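Mapping of the sequence shown onto UniProt numbering: position 19 corresponds to residue 19, and the numbering continues sequentially without gaps.
No wet-lab data here; the hints were simulated from the structure. Owing to the predicted nature of the structure, the values given are computational and were not obtained by experimental measurement. One thing to keep in mind: the hints can contain errors.
[Said to hold, decoys possible] Mimicking SDA-like on lysine to any residue, the simulated pairs with C-alpha atoms at most 20 Å apart in a straight line are:
#1 Lys84 / Val46
#2 Lys73 / Leu30
#3 Lys84 / Ala4
#4 Lys73 / Val61
#5 Lys73 / Ala4
#6 Lys73 / Asp43
#7 Lys73 / Ser51
#8 Lys73 / Ser90
#9 Lys73 / Asp54
#10 Lys73 / Gly48
#11 Lys10 / Lys73
#12 Lys10 / Ser90
#13 Lys10 / Lys84
#14 Lys73 / Pro19
#15 Lys73 / Gly63
#16 Lys10 / Gly63
#17 Lys84 / Val100
#18 Lys73 / Val46
#19 Lys10 / Gly45
#20 Lys73 / Val56
#21 Lys73 / Val55
#22 Lys84 / Thr96
#23 Lys84 / Gly45
#24 Lys73 / His60
#25 Lys73 / Arg24
#26 Lys84 / Leu30
#27 Lys73 / Val47
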Amino acid sequence: MRIADVLRNKGAAVTTINPDATVRELLAGLAEQNIGAMVVVGDEGVVGIVSERDVVRQLHVHGASVLSRPVAKIMTNAVTTCTKSDTVDSVSVLMTQNRVRHVPVLDVPEEGIRREGAILDRETFDVVAARLRAEYSWR
Numbered sequence: 001m002r003i004a005d006v007l008r009n010k011g012a013a014v015t016t017i018n019p020d021a022t023v024r025e026l027l028a029g030l031a032e033q034n035i036g037a038m039v040v041v042g043d044e045g046v047v048g049i050v051s052e053r054d055v056v057r058q059l060h061v062h063g064a065s066v067l068s069r070p071v072a073k074i075m076t077n078a079v080t081t082c083t084k085s086d087t088v089d090s091v092s093v094l095m096t097q098n099r100v101r102h103v104p105v106l107d108v109p110e111e112g113i114r115r116e117g118a119i120l121d122r123e124t125f126d127v128v129a130a131r132l133r134a135e136y137s138w139r
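Whenever a hint applies, use it, and build me the whole structure from the sequences.
Spelled out as structure tokens, the structure:
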């Protein structure tokens, strides 16, 4: 199964945030959208990813003062990405190797990078679990 198939079933919406937005604004967006991470997009495209876990770690170190800091100060700069043509298995391995739970799906047409969606660790798990149930007739 390809990532495109997962996106077709779950939808391809991806929520983004500006690197200059505050952590307080990030938390409001995460709560409103009921999501665990946002892709950070600046003028030059995808510049990072930030999750609720990033916020918790920073709160532990810096306390409530982190809420007024820009997202750019707490985001992960090295973003693990995939494309719609990647297989769920390959993305699952990628997530495990890089110890990440959220992988933005990017497409790179001639006009530049386009965000296509995001894949979560539980979605890859669901696909693998369904395949195992079918293969072994688990109920």
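Consistency of the hints with the structure:
A hinted pair counts as satisfied when its Cα atoms are at most 20 Å apart, and lysine 84 with valine 46 qualifies at roughly 17 Å. Distance check on the hinted pair: lysine 73 and leucine 30 sit about 17 Å apart at the alpha-carbon level, within 20 Å; holds. A threshold of 20 Å between alpha carbons decides the hint, and for lysine 84 with alanine 4 the separation of about 5 Å falls inside it, so the pair holds. Distance restraint check for lysine 73 and valine 61: the Cα-Cα separation of roughly 13 Å lies within the 20 Å cut-off, and the hinted pair is therefore satisfied.
Between lysine 73 and alanine 4 the alpha-carbon distance is near 32 Å, which puts this suggested pair outside the 20 Å criterion. Among the hinted pairs, lysine 73 with aspartate 43 is consistent with the structure: their alpha-carbon atoms are about 17 Å apart, no more than 20 Å. The hinted pair formed by lysine 73 and serine 51 meets the criterion: a straight-line CA distance of about 13 Å does not exceed 20 Å. The straight-line distance between the Cα atoms of lysine 73 and serine 90 is roughly 30 Å, outside the 20 Å bound, and the hint therefore fails.
Distance restraint check for lysine 73 and aspartate 54: the Cα-Cα separation of roughly 10 Å lies within the 20 Å cut-off, and the hinted pair is therefore satisfied. The suggested pairing of lysine 73 with glycine 48 holds, with an alpha-carbon distance near 10 Å, which does not exceed 20 Å. Pair hint lysine 10 plus lysine 73 does not hold up; C-alpha atoms about 31 Å apart against a cutoff of 20 Å. Restraint check for lysine 10 and serine 90: the C-alpha separation of about 19 Å stays at or below 20 Å, so the hint holds.
For the hint pairing lysine 10 with lysine 84, the CA-to-CA distance comes to about 13 Å; that is within 20 Å, so the pair holds. About 8 Å separates the Cα atoms of lysine 73 and proline 19, which keeps this hinted pair within 20 Å; it holds. The hinted pair formed by lysine 73 and glycine 63 meets the criterion: a straight-line CA distance of about 14 Å does not exceed 20 Å. For the hint linking lysine 10 to glycine 63, the alpha-carbon distance of about 36 Å lies beyond 20 Å, and the restraint is violated.
With a C-alpha separation of about 18 Å, the suggested pair lysine 84 and valine 100 falls inside the 20 Å cut-off, and the hint holds. Under the criterion of a C-alpha separation no larger than 20 Å, the hint pairing lysine 73 with valine 46 is consistent with the structure, at around 15 Å. Taking the CA atoms of lysine 10 and glycine 45, the gap is near 24 Å; set against the 20 Å cutoff, the hint is violated. With a C-alpha separation of about 14 Å, the suggested pairing of lysine 73 with valine 56 holds against the 20 Å cut-off.
A distance of roughly 10 Å separates the Cα atoms of lysine 73 and valine 55; the hinted pair therefore holds under the 20 Å criterion. For the proposed pair lysine 84 and threonine 96, the alpha carbon gap of about 19 Å is at most 20 Å, so the pair holds. Taking the CA atoms of lysine 84 and glycine 45, the gap is about 18 Å. The hint holds against a cut of 20 Å. Between lysine 73 and histidine 60, the direct Cα distance comes to roughly 15 Å. Compliance with the 20 Å bound is thereby established for this hinted pair.
Restraint check for lysine 73 and arginine 24: the C-alpha separation of about 13 Å stays at or below 20 Å, so the hint holds. At most 20 Å may separate the alpha-carbon atoms for a hinted pair to count; lysine 84 and leucine 30 exceed this at roughly 24 Å. This hinted pair checks out: lysine 73 and valine 47 have alpha carbons roughly 12 Å apart, not beyond 20 Å.
When held up to the earlier numbered hints, the structure conflicts with 5, 8, 11, 16, 19 and 26 and fits the remainder.
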